[in-house]
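Undergrad: Here's the letter readout for the chains.
2 protein chains.
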Amino acid sequence: MQPSSPALADPASADRLRQLVQDHAEALVGAFYQTLLADDEARVFLHHSVVQERLSPSLRRWLVDLFAPGADMAEAAFVARQLKIGEVHARIKIPMHLVMAGAAVLKQRLADVLAADPAAFDLLRLTGGRIDYALRLMSQSYEKGASNRARLDEAYRLFSLDQDIHFERESQRAGLMEWSQKTLFRILASGGVEGAGALSASPFGLWIRHRAEFLFDGSSHLARLNAAMERIDAELLPRFTPGAAASDLAGPLEALEAAVDEVAFLLGEMFQGLAGMEGGRDPLTRALNRRFLSSILSREIGFANANHTPLSVLLLDVDHFKRINDTHGHPIGDEVLRQVAEAVTENVRPSDFVFRYGGEEFLVVLVETNLRQATTIAERMRHALAAKAMTASGLEPFHVTVSIGAAEHRGHPDENYLVKAADDALYRAKQNGRNRVEYDGAVA
Amino acid sequence: MQPSSPALADPASADRLRQLVQDHAEALVGAFYQTLLADDEARVFLHHSVVQERLSPSLRRWLVDLFAPGADMAEAAFVARQLKIGEVHARIKIPMHLVMAGAAVLKQRLADVLAADPAAFDLLRLTGGRIDYALRLMSQSYEKGASNRARLDEAYRLFSLDQDIHFERESQRAGLMEWSQKTLFRILASGGVEGAGALSASPFGLWIRHRAEFLFDGSSHLARLNAAMERIDAELLPRFTPGAAASDLAGPLEALEAAVDEVAFLLGEMFQGLAGMEGGRDPLTRALNRRFLSSILSREIGFANANHTPLSVLLLDVDHFKRINDTHGHPIGDEVLRQVAEAVTENVRPSDFVFRYGGEEFLVVLVETNLRQATTIAERMRHALAAKAMTASGLEPFHVTVSIGAAEHRGHPDENYLVKAADDALYRAKQNGRNRVEYDGAVA
Chain P
1 MQPSSPALAD
11 PASADRLRQL
21 VQDHAEALVG
31 AFYQTLLADD
41 EARVFLHHSV
51 VQERLSPSLR
61 RWLVDLFAPG
71 ADMAEAAFVA
81 RQLKIGEVHA
91 RIKIPMHLVM
101 AGAAVLKQRL
111 ADVLAADPAA
121 FDLLRLTGGR
131 IDYALRLMSQ
141 SYEKGASNRA
151 RLDEAYRLFS
161 LDQDIHFERE
171 SQRAGLMEWS
181 QKTLFRILAS
191 GGVEGAGALS
201 ASPFGLWIRH
211 RAEFLFDGSS
221 HLARLNAAME
231 RIDAELLPRF
241 TPGAAASDLA
251 GPLEALEAAV
261 DEVAFLLGEM
271 FQGLAGMEGG
281 RDPLTRALNR
291 RFLSSILSRE
301 IGFANANHTP
311 LSVLLLDVDH
321 FKRINDTHGH
331 PIGDEVLRQV
341 AEAVTENVRP
351 SDFVFRYGGE
361 EFLVVLVETN
371 LRQATTIAER
381 MRHALAAKAM
391 TASGLEPFHV
401 TVSIGAAEHR
411 GHPDENYLVK
421 AADDALYRAK
431 QNGRNRVEYD
441 GAVA
Chain H
1 MQPSSPALAD
11 PASADRLRQL
21 VQDHAEALVG
31 AFYQTLLADD
41 EARVFLHHSV
51 VQERLSPSLR
61 RWLVDLFAPG
71 ADMAEAAFVA
81 RQLKIGEVHA
91 RIKIPMHLVM
101 AGAAVLKQRL
111 ADVLAADPAA
121 FDLLRLTGGR
131 IDYALRLMSQ
141 SYEKGASNRA
151 RLDEAYRLFS
161 LDQDIHFERE
171 SQRAGLMEWS
181 QKTLFRILAS
191 GGVEGAGALS
201 ASPFGLWIRH
211 RAEFLFDGSS
221 HLARLNAAME
231 RIDAELLPRF
241 TPGAAASDLA
251 GPLEALEAAV
261 DEVAFLLGEM
271 FQGLAGMEGG
281 RDPLTRALNR
291 RFLSSILSRE
301 IGFANANHTP
311 LSVLLLDVDH
321 FKRINDTHGH
331 PIGDEVLRQV
341 AEAVTENVRP
351 SDFVFRYGGE
361 EFLVVLVETN
371 LRQATTIAER
381 MRHALAAKAM
391 TASGLEPFHV
401 TVSIGAAEHR
411 GHPDENYLVK
421 AADDALYRAK
431 QNGRNRVEYD
441 GAVA
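Sequences listed follow chains P and H, in order.
Note that the UniProt record's numbering has the first sequence beginning at 1, numbered continuously upward.
Note that the UniProt record's numbering has the second sequence beginning at 1, numbered continuously upward.
Derived by calculation from the structure, the hints in this document are not laboratory data.
Among the hints, erroneous ones may be present.
You can't tell identical chains apart in this list, so a pair holds if it fits in one copy or across any two.
[Unchecked claim] Cross-link-like lysine-lysine pairs, in silico, DSBU-like; alpha carbons within 35 Å at most: (1) Lys-430 x Lys-388; (2) Lys-107 x Lys-93; (3) Lys-388 x Lys-182; (4) Lys-182 x Lys-430; (5) Lys-182 x Lys-84; (6) Lys-84 x Lys-420.
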């Protein structure tokens with residue numbers, strides 16, 4: 001959508017507007033940055049000196065050009081410039097909502113300036129429209145850039161995880177021990193730690209700040225590790241003073257050893273956590289991990305809406321699963337889930353998607369499939385499962401049944417509606433006696 | 001940043017505004033959707049019937065509540081509602097700039113409605129401020145949601161790539177051949193293809209639309225494969241008519257065989273392309289792939305700005321590399337690059353980042369390092385390399401030199417400034433005779 005920028009007012013008021021903007025540009029830009037710099041989120045991006053040197057003049061130019069395009073600023077150049085700004089903001093991570101907050105300040109200040117003008121209403125309408133148009137264009141390229149950046153960040157994170165984690169763990173453990181050993185030698189030689197340096201300034205500390213923050217994104221262990229490191233540097237190291245008697249060192253040494261042990265323990269725990277990180281598939285059933293459901297379902301809904309093709313989902317639940325678990329134990333329950341997943345997967349096409357949705361629930365996305373076809377597939381699955389002898393070591397072959405809810409996509413762009421409809425149908429299947437298929441609405 | 005919503009005008013004009021919005025809500029909402037549905041991008045999300053049934057009434061409620069919050073719509077509830085809308089838009093992929101375009105339409109129509117009011121200017125200012133505030137809140141949660149979604153999409157794409165590609169390739173090749181064989185049996189039995197079904201409707205065709213589109217995102221081969229598949233279904237299959245003489249089948253059969261071969265060839269090529277897909281590291285030098293530079297550098301710039309720590313980069317280029325390649329051949333040139341990368345990596349800390357930046361260029365990100373320290377590290381690298389005997393099979397040990405440009409981050413949030421400064425310094429190092437280090441600006 002590329003609606004043209006709003007038409008200019010009559011030449012005389014357009015001239016007045018240009019003059020007003022030029023006269024007040026300095027103050028308007030000042031107000032804009034004052035607002036942004038008052039915000040914690042924005043301040044990180046906008047060092048004060050950089051704002052003064054580079055960004056203020058360019059915002060000023062942008063503002064003046066917005067209302068006085070003249071011959072040197074053709075419409076195409078105007079559009080290209082706004083798109084470029086959005087692209088740069090995405091690169092330097094200035095969120096769009098902060099730019100909108102700054103623009104709102106500009107608009108309110110401009111309204112103050114315009115209030116006394118004979119054509120105040122028209123000029124206010126014009127300035128609002130013009131600024132909104134610029135914001136819209138920026139947002140367009142910002143969204144694209146921010147999305148690309150998020151994808152790259154994720155690719156890098158997954159790549160980091162994929163590196164030789166064992167090597168990295170040992171290498172960082174060695175770094176920590178090396179610092180500790182050096183520090184102890186200093187203490188033993190002189191009683192003090194002069195010249196040994198803080199742990200946070202060591203290669204280990206640097207690695208924690210610049211690699212671990214990314215690798216263990218949001219880990220509570222990492223916060224504890226940072227706290228322990230800070231305590232070592234700020235509290236424990238200063239306790240060692242040159243020339244102290246050996247007997248005075250015992251307490252501080254014990255505290256330091258405990259703190260270093262804690263850092264080593266937390267480091268190990270974090271690496272341990274990585275090894276168990278969840279993958280793309282459920283390890284037990286080999287069904288897709290539920291975290292990808294939204295990516296896939298929203299893409300399929302987009303496809304169905306764009307191509308006017310049908311799309312259905314099945315939600316399948318193993319009947320009386322709790323009883324199986326309680327009677328035979330969890331390992332048998334797991335074996336049942338594995339065999340149910342196998343039967344489900346055997347009854348769909350290579351283009352369909354099978355997810356482990358919950359404990360004993362599976363969700364199947366059936367592409368280019370209407371409700372009638374979906375219920376047929378669901379009945380086939382139900383029969384196949386009821387007929388299948390489950391095998392588990394130490395048990396006679398036994399049978400399980402499943403209840404299935406089917407629903408067809410009805411055009412709503414929100415995937416939650418579709419899943420909810422299948423869930424409602426599944427609920428009815430359970431209510432109506434289990435081992436049956438129910439569907440949402442009427443079959444065409 | 002959570003600026004409060006603009007203050008309401010005096011009670012009488014606030015009442016008039018509420019009445020005006022209510023009276024015109026129907027028309028305003030109509031204009032909003034007319035604009036969005038005229039847009040190709042937006043139409044995909046908003047099926048007409050869905051808009052009528054669900055979205056129009058909720059936009060109408062939103063609009064009325066925006067100006068008549070009343071007792072039942074406290075400020076916190078207002079904020080929560082806008083944030084929720086942004087979240088939903090991110091989920092159903094309605095881009096923020098389209099919402100802004102719709103809002104611009106609302107504002108312009110509202111201005112028409114308000115123009116005759118005695119307090120037109122104030123009301124216009126108020127409505128603009130109120131809508132902008134709502135948009136800002138939506139944008140805030142939209143950006144977060146869209147970024148999470150982009151990360152998940154990428155994780156899923158990389159997960160798909162990681163699956164058993166060889167198995168998938170053979171399985172889809174078999175699917176294509178199975179369709180082809182079935183179709184040929186029909187033709188040989190009757191001369192026609194009734195009941196054989198289109199290739200695009202076969203499991204293979206479905207797989208192409210729902211899996212390959214994602215796996216081979218944007219591949220030109222895929223576009224050609226889709227075109228070939230469409231030609232088979234729309235042009236070639238209709239040439240077979242039941243009861244045709246065997247002699248009439250020769251031409252159409254030849255054309256069909258060629259087209260199926262083309263589809264098989266393109267499928268193979270696409271899978272081939274996946275195998276050679278670039279990973280996180282340059283396979284030759286094991287340096288990081290340049291595509292992650294932006295993710296890493298922008299994160300480090302954010303860290304430096306937030307923590308007031310220094311940050312520097314080195315750009316390193318092998319001197320006279322073309323001569324090495326020309327004299328000894330590319331394999332020797334590759335060996336030189338490998339050994340240069342090794343020497344560079346040996347001279348940085350575990351927390352630094354070494355990228356293959358171009359053919360014979362490497363970029364090093366030095367965290368928590370100022371320009372003085374960076375030039376020291378650069379000089380150490382330069383000496384280490386000049387002293388290092390390069391070894392390559394069939395050649396006497398020989399030496400290469402490097403030129404290095406160093407630059408320190410000066411606060412600008414755009415990473416391109418920093419890389420550009422290092423590049424300028426590298427250029428000077430080359431101009432000043434090579435085998436030397438130059439730096440950007442004055443060393444503190």
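Undergrad: Hint compliance check: list the failing hint numbers for this structure, sorted ascending.
TA: 4 and 5
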